[in-house]
Structure formats: structure tokens, C-alpha cells
Amino acid sequence: MTTIPRTDTSLFGQWWWTVDRWTVFALAAIIGIGALMLLAASPPVAERIGLEPLHFVKRQMLLLPLAIGVIFFVSLQPPRIVRRLALAVFCVSVIMLALTFVMGAEIKGARRWISLPGMSIQPSEFVKPTFAVLTAWLLAQGKASARFPGGLVSVTLFAVIVAMLLKQPDLGMAVIVGAVWFVQVFLAGLPIILVAILAVLGMAGLFGAYMLLPHVTSRINRFLDPAAGDSYQIDRSIEAFANGGLFGRGPGEGTIKNWLPDAHSDFVFAVAGEELGLIACLVIVLLFAVVVVRSVLRVTSEQSLFVILAAAGLATQLGLQAIVNMASSLHLMPTKGMTLPFVSYGGSSMLALAVGTGMLLALTRRRFGGIEP
Amino acid sequence: MSRDVPPAVTDLAACRPQMRGNAFRGGSAGGPLHAAVERGQSRLVFLAAMFSLAFLVIAGRLVDVTLMAQPAEPRAVQTPPRAVETQRADIVDRNGTLLATSLPTPSLYANPKIVPDAAEAARRLAPILVGSTEAELRERLSEDRSFVWVRRQLTPRQQHDVIRLGIPGLEFQRDERRIYPQGRLVAHVVGFSGIDQTGLQGVEKTLDGDIRGATAPVQLSIDLRVQHVLHEELRRTIKEFSAIGGAGLILDAHTSEVLALVSLPDYDANFPGTANPETLFNRVTLGVYEMGSVFKVLTAAMALDSGKVNMASGYDASRPIQVSRFSISDYKGKNRWLSLPEIIKYSSNIGAAKMALDIGIPAQRAFLDKLGFLKAPHLELPELGAPLVPNPWREINAMTIAFGHGISVTPLHVVAAEAAMVNGGIMRRPTLLKRDPAHNPGGVRVIKQRTSDDIRRLMRLVVTDGSGKKANVPGYLVGGKTGSAEKAAGRAYRRKALLSSFVGAFPMNDPQYVMLVMIDEPHGTEQSQGYATGGWVAAPVFGRVVERIAPILGVLPIDEESPQIRRDLIVQASAPGRSPNAPR
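Keeping their order, the protein sequence lines are chains L and S. Using the working numbering, read the first sequence as starting at 2 and increasing by one per residue. Using the working numbering, read the second sequence as starting at 12 and increasing by one per residue.
What the hints contain is simulated information worked out from the structure, not anything from laboratory work. Glycine included, each C-beta is placed from N, C-alpha and C at the ideal position. Some hints could be false.
Stated by the list, open to error - Covered stretches of chain L, going by a simulated chain S footprint (3 or more residues, C-beta under 8 angstroms): (1) 25 to 38; (2) 271 to 283; (3) 319 to 327.
Stated by the list, open to error - Label pairs and their in silico Cβ distance ranges: (4) S:74 / L:150: 47 to 53 angstroms; (5) S:109 / L:252: 47 to 53 angstroms; (6) S:68 / L:150: 35 to 41 angstroms; (7) S:176 / L:247: 57 to 63 angstroms.
Stated by the list, open to error - To give a feel for the contact side, a few chain S residues facing chain L, derived at Cβ under 8 angstroms: (8) 44; (9) 47; (10) 48; (11) 62; (12) 65; (13) 72; (14) 73; (15) 74; (16) 78; (17) 169; (18) 562; (19) 563.
Start from the sequences and build out the full structure, keeping to the hints where you can.
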């Protein structure tokens, strides 16, 4: 660290001394643990579905340098460029999201993917962070200028996006987008009474999903009463944690991953629990907490409402995703197919997270003397 | 709230006149935007606190799941498989192996008045209900009634397919199917039950009252492992000697529990419709046969028990006996005086006949009556054959009965009596139900302990020196008697049609199990040098079965050369002097 003098005015030097280094360290550690877990957890899954054992590892390792590059590149940008970048990516992803209804590949009963040569892309993953940035700008602009109907545009856009996500259907994604948007309007100063009303509406929406969507009903019923139905995954998951104990079985030494269908994605945390043990899992939780809580606290000293809202939105999205994934693995909530950021396998998720995290790092950089317009 | 960064005063842009609101810029102090920023900042702290709390909960749960909650974890409760309620109880062998069970199955019926298009329904049902033709189904579905059975006892797959057709008017009723997992192996013991859940054959019929409506399984005395060995060896022998059938029976010598009962040919109890009278016929309990020389053991026992004859007694077997138009001669006769052990060893008809006459007709009749030979046997089976007993009982009958002709009994009769001959003299009623080992089975004394001891020696002698050598198994002290009865055909006997049998027990120093094997009309092979007699056909089966079941039943091999065993089983089997007991 000390090898970079504070007087270094090169691009990297400037970045190094302005970026939130604790968050960078935490992210680097998460990415490292992720690579380790992928090596351990994905070969059994690949073999089970008839691929060569290192299939997932190879794909992810090709994407990882790209993702790190994206994080670094995006984090170099000033807030204005971040906003433009978000707008551009958002527009492209919304168009692609609309295209999924026309030419999407149907996987497990949902149309979420667009097949491109070489890889498939899940546009909704890219909608998530960019929409947060856009919402932040709309809300901030709405506050700054009475003529600009930021709130209204934001609500409209939000309704359209959520409708599209529910159409796919991708309830998990819709819930995350909704929660992030809710956090942002809350931070933007929504009166408490309206906050309460929105919270009630959200609950009602979830209850509606429970009543109307059969697979949601089944998931939640199984969570509430494990004896009622197939709780195979969650039983194996809990078994994995118990099996790992304090120090774990050692990387690669786990056995329960062989029976966990989604060991490399939704239940990667359970594999970590078995192989690395409780202490390492607590470290992983701590790392995510550092990234999220530090980023949120860091922008409290920020004067720009856009930066506050955008950074908080991105941090919320990252944090919620990690919390939902870990809580599912621990049977604290119904299982929801959500990836553990940078640890689970998933190309779209990884790249979208890289964009989002890059923007988060960019927004939480120290900008002495405010923002250049 | 931390405010370590001062308001942006060095920012040139902040000094520009504020033409329009700018989302990037902090509001000027006191303005509405500034208030919004301040509220946002305080709410950020709230957000951070909520996240911290969530992460703490996760950390707590991690500790809980990993270290503390192992036993208390609410696992999916493993509900024990619910007992299927059926109309008939299971039947199991003495070790609890399933012999018969019931499965709930769906039966398909139709209300033809509701079925909209019988022809269409029949066309779509036919491929599912294999075995029914489309025309048959169409006819049934067109009947002018409101209830017709379409097919009883569908498989789950068939039910699924019928449901998927979605034809109105087709309904299911819960039905039951009796399953016999052992197929033909115990068919003659267990029997089968009909489609209305009533027993029609075997134990299913005799114990119907205990089976129907009951839940506790009915436990038989059969040992499936022993049954399998006997079944396999008999089948092999029948094939080898091109015989028309065979029978085998193994009894516990002390309790008279039936361990194995085989009658061949047999049928698969799961498909009673494929059985015919020949395969349904139970040779062990229903068939009555002139058993031949195996009777000589009984004659010897009767004679010894009367006290008139002892092991040193002898009879003149030098010439055939002529009684009116009958002639009794010996097969491979020695044509000299024979001692009692020699009569058994060489299977002398003349000797046995003279011995019987010595004891007298009423005594012989009374003795056989005591052994139960004059009535149908007792067993928990509906198929029990009444013996064919001579009436009147003349001298010639007494003589032929002495060597097993002129009286027809079931193999079950013989084995039950044989158990009493070797177990110390107590006759017990055979049973197919497992006895409580703690319970004394009772029984009637039919011969003296001393007589039983002599009989054991005689039976061992047949295997060591006589016609039953091929039944010997080193270490298991097999003893028994061969039989090669000519089958009666009308009024005469067919010399070529034999009923070759071996009745014996093991180990002879303390018999545990009594067994009969009987092969119906075997044909001599090259290996048996053309012989089809009991000694060549039945004795080897007996030996092979003993060899295989003794380890299963826990009978330990014995050192045959040990002084105690030799002393116990020694017989003076040399030619006698002229006996004072001998007639004439």
C-alpha cells in the first residue's frame, strides 16, 4: 500500500487514494473465496448433468478477469459518466428484456434468457443495478427541479419493469428491484405515512403472489411446514453446515455437495459451510457486511442526493441478494433462486454485479470539492 | 452524523449561477434540496443499521445451525410407513419372510349410461387394458345397465393412463390383489385366494378365519430356505430321471412342525388360472401311495416293541412264500436265514412278511391305527387324502403291508410316524403353524424308548451298509430306508413304473429332522446304471438336501468315528443261528 505515494497523480494512484480501500479488500476476498468454492462445488454438479467436471470452472475463470476489468474500469468513472453508462446499459437491457418474450429460451418454465453465440444473457440481471442508478438520478433531479416530474417518471418506469419481470416470471428479481426502489424513495425523503403504505402494499403483493402463483405457494408452504412436502435441498443444506462444524472438512472434502442439486449456485453457501466451516462462513458474512454497511455509511457524508441514492441503491441490491441467498441456505426464509454475489456460478450475474459494484466504488470515491458537472 | 467533508466551496461549478436544479449538486444550505439531502443522510444510518441487523441474524443462525441445533433441528419428521389396511393378513414363514400379502389396487368400472361414446371409449381403452379387445370393451360399455366391471385390479400405470383419457362414466373402486412373492415355491402350502378375497386352496383356505379381516401376520412353520433347497433338488432329480413328479417333506423330529413341503409338478400361486388338476394335486397330503419298503422299518419297530423279537432274532428267507396264487419273493435275495438287522439292510420282503405274521394281524392293525394310518392325516390343509386300507384284513394283507404294499397312505402319514420312530417314541400331530418353542407339544407314546434306539441303529445301518449308501453325508449321520414300490395298475403291478423313495432322519445319534423324498416313475439313466430304485434315485437327493440344509438349520457335523457315536449306533448285523422266534 505504501508503495503508492500519495503524490502519485497517475490514473491508478488517484483511484487508489480516493476509492474505499476496505470495500475493495472485502470484494477481493469475496471474489477469491468465490473462485475457491466454485472449484469445490461445481464439478459434482457438472458431472451430474453430463458435462465435463471443470465446465463451470473454466467458464467462470474466463469471465472473472473480464469482471475484474469491468469493476476497475467503471470505478474510475466520475458520477456523471456513471449515470450515462447506467442509462445506456439500462436501455439496451430493457430492450433485450422485452425480446425475451419473443425469442427467449424457456428454462424451467420461465423465459429469462437470450441466447447469443457463445453465451446466454439474462437481461434482467443488468436491469437491476442500472435501474437503481437511474431511479437515483430521477428522484434527485425531481427534488432539485420543481419542473422535472422525477418521482412520477420513476414510478412509471418501476411499474413497467416489475410488470415485465413478473411476466417472465421472475418473482425474485421483481422483489429485489422493488425493495431497492422502495429503499431509494425512502431515502429520498418519502413521508413516513407513505412509507408505511408502500410497505403494506409490498406485503399485499407478496401475499398475492403466494395466493396466485402455484410454485410460490408450494415453496412457502414447504418453508412453513418442512414435513408437508419435499424439503430435500434445505435438509441437505442444513446437514452440510452441521457436518462442517467449526473448521470445516477442508476445501474439496465435502460430501453433501454431491447430493445438492444447486450446489454451485443457490446453495454454494452450504458447500462453504461444510468445507470451510463456521469461522470462514462468519468471515464471508462479515465481508458482505463490510461492503454494504461501509458503502452506506460512507455516503452519509455525501452532499449530492444522486450519489446518496445511487450508492445506497446499489449497496442495497448487493446486500439483499447476499442476505436472501444466505438466509435461504440457512432455512431462515423460503428458498429463492438467488445467487450469492461473486461466489455463485453465473455469467450474467457476475458481469452485472461487476457493473453494479464498479458503479458503487465509483460513487463512494472521495471527491474533494464536490462533483464536476 | 459525520461531516468530515466541508461543503463544496472549492468547486467552481458550485459558484455558477443556478439556472436549473442539478441532481449532482448539493443544495445550498437551507434550500429544499439541502433538507432532502439531510433527511436522506439520517435515513442512510437507519438503512445501515437494518443491514447490520440482518447480517447479525445470519451470523447467529450460522452458529445455531452449525454448533448448537444439531439435535433440536426440526427435521422433516420421518413418518413411519402407514400400514396398508387390507382384507387379508400376510402369511410369513417361520423366520418372517413374506409368503403372501395383499396390495390395494384400483378396479375399473363403468356406468355405460354416462359414457358418451362407447365405440370411441373402447377404442381408446383397448391399448391400455392389454388383454381386452376393442370389440369386447365396446360391447361391455354399450350394455343397458349402470354398472359394469371393465377390468379388475389395474396397475398404477394403467390407472394413470385411464384417468388421463378423461372419459366420463369410468370410475375406480378400491380393490385388493393377493400377491405371492415366492411364486410356485410354496404354492402347495400357502395355496391361493380368489378375487373376492376368500381362500380357495392351501393354508389360505384352512386358515381363512385367521387370515380374513386380521392384521397380524399368520406365521407358518415352513422355513423358506429349507423349502427352496428341497424344491430345487427334487426338480433337478425329476428332470434327471425323466420322472412324472415328486414329493418331499421335512418335519422337525421333536415338534412335528413342517419345515418344507414340496409337491411337483406345481403352479404359480399368482396365476392360479394357469394351474391344472395335475399341478394342483398335492402328492404329500392328498396322494395315497403304496409306499413299499419304507414300511419295513415300521414292521421292525412293531416287532421289537412287542418284545417277541429282538435285534438278534432271525427269519428264514431262503425260499419265496406261496400264499394261494400270490408269491412273495426278495429282490436280489440272499436265500438264507436273515437276522432282523439283515432283513432291514437287504430289504427282505420275505423276512418282513414273516415278522408281521409272528406279531399277528390284530396287533399290526392296532399298531398302524396308533400311528394314524387308518384315517386321513392331520394338517392345516384342505387337501388331505384318506388311506386305502384292506377290508377284510387277511393274512396275505398282513404280509404285504409288512413291506408296504396292499395299503395306500399319504407320504405325510409315513413321515409323521417316522418322526415317532426316531425321536424316542412320541407321536405328534404334524402342523404347518410355528409352535411356541417354550410350549410342550405333548404327544402320544407309540413305541418304547428302547425300540426307538434300535430303530435308529437299523436306519443308520441301511445307509452305512445297505441300500441307502448314496444318502450318506459325512458328519451328519444320515439314516433311513429306501423304498421302490411298483405302482399298481388296475389289478396288477407295473414292474417298470416305480415309486422310488427314501425316508430317513439325521443325525441318527439324536435325530433332529425327518425327511421323505419320493420320485414318481423315474427312468434309469446311464449314471444310475439303468436303475430307478430308491437307493439310486431318492437316496442321493436325500443326501444332497441334508448336506445343504444342515448348516442352515444349525446342525453341527459330528465325528462319526468317535467311540461314543460308534457305541451308540453299533448293530450286530451278521447271519443268525436258527432263531427260537422264527416260525416253523
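Results for each hint:
no., hint, in the structure
1, 25 to 38, "violated (count 0)"
2, 271 to 283, "holds (count 5)"
3, 319 to 327, "holds (count 3)"
4, S:74 / L:150: 47 to 53 angstroms, "holds (49 angstroms)"
5, S:109 / L:252: 47 to 53 angstroms, "holds (48 angstroms)"
6, S:68 / L:150: 35 to 41 angstroms, "holds (39 angstroms)"
7, S:176 / L:247: 57 to 63 angstroms, "holds (59 angstroms)"
8, 44, "holds (5 angstroms)"
9, 47, "holds (5 angstroms)"
10, 48, "holds (5 angstroms)"
11, 62, "holds (5 angstroms)"
12, 65, "holds (5 angstroms)"
13, 72, "holds (5 angstroms)"
14, 73, "holds (5 angstroms)"
15, 74, "holds (7 angstroms)"
16, 78, "holds (7 angstroms)"
17, 169, "violated (26 angstroms)"
18, 562, "violated (40 angstroms)"
19, 563, "violated (39 angstroms)"
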